[in-house]
Amino acid sequence: MRGAKQPIYAVAAWVRRQPPKVKAFLCVVTGMAALVFLRFIVHDHDNLFVAAEAVHALGISVLIYKLTKERTCAGLSLKSQDLTALFLAVRLYCSFVMEYDIHTLLDSATLATTLWVIYMIRFKLKSSYMEDKDNFAIYYVVVPCALLAFAVHPSTSHNIFNRICWAFCVYLEAVSVLPQLRLMQNTKIVEPFTAHYVFALGVARFLSCAHWVLQVLDTRGRLLTALGYGLWPSMVLLAEIVQTFILADFCYYYVKSLVGGQLVLRLPSGVV
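Quick note: the sequence shown uses my numbering, first residue 1, plus one each step.
These are calculated hints, taken from the structure and not from any lab test.
Treat the hints loosely; a few may be bogus.
With a Cα cut of at most 25 Å, we get these calculated DSS-like pairs of lysine-lysine [to be verified]: (1) Lys79 <-> Lys188; (2) Lys79 <-> Lys133; (3) Lys188 <-> Lys126.
Please model the complete structure; the sequences and the hints are all you need to start from.
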């Protein structure tokens, strides 16, 4: 078993020595290879979106276990949960007034769970909340997302306010995990349940991104034109890619730690 891990350690050490531009290139190549792999093994690419929802639900289950059984919220960012609740609330509003479907029910359940997590952190487990480490200013993402939504939004026949709200929740979702990553970078050490939760978010967002990219390829770009014209279709796809790559670095160190048999994840400087 130890012999089988030696090549993995060697590859990990080689990647770690590379400059940031080479690491970024390797990340892109790995992502493209994963997309090609998924395209051949998953015949109905809508299943990727279902898989993304399932992995996200699994991550939330881990979070619920941490809060109820471990009775601690140490390592969790309240600000990330606030941003998650905000974009989910806006997306639910858009679903009710624009397009009510099964995802509306899924978002409702996710929002209810997120509000429960916020309640637990703010009131029940406040003594274990790392407020001094959770120091990401959320207006750094909320204001730019609002301005971008005002400038670039869907070109459908819906009310202009609803279209701006739709764009806002898409952009905010892409960056909502940044406070969580900042908190983990500040602490340098990430306990297992928080690491599992964030890794689940990374996997879910990669599957969601893969769903969009493969759908665009399958329809030969017609999906983008169905979303409207102008910059909006490209921005939707870009938002999916951005939220995947934001978590890519963390996922690399998570897998590396898992392979090394470490229960506690230690993040080096510069991951976030």
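Verification of the hints:
no.: 1; hint: Lys79 <-> Lys188; in the structure: holds (18 Å)
no.: 2; hint: Lys79 <-> Lys133; in the structure: holds (11 Å)
no.: 3; hint: Lys188 <-> Lys126; in the structure: holds (21 Å)
The structure fails none of the hints (numbered hints given earlier).
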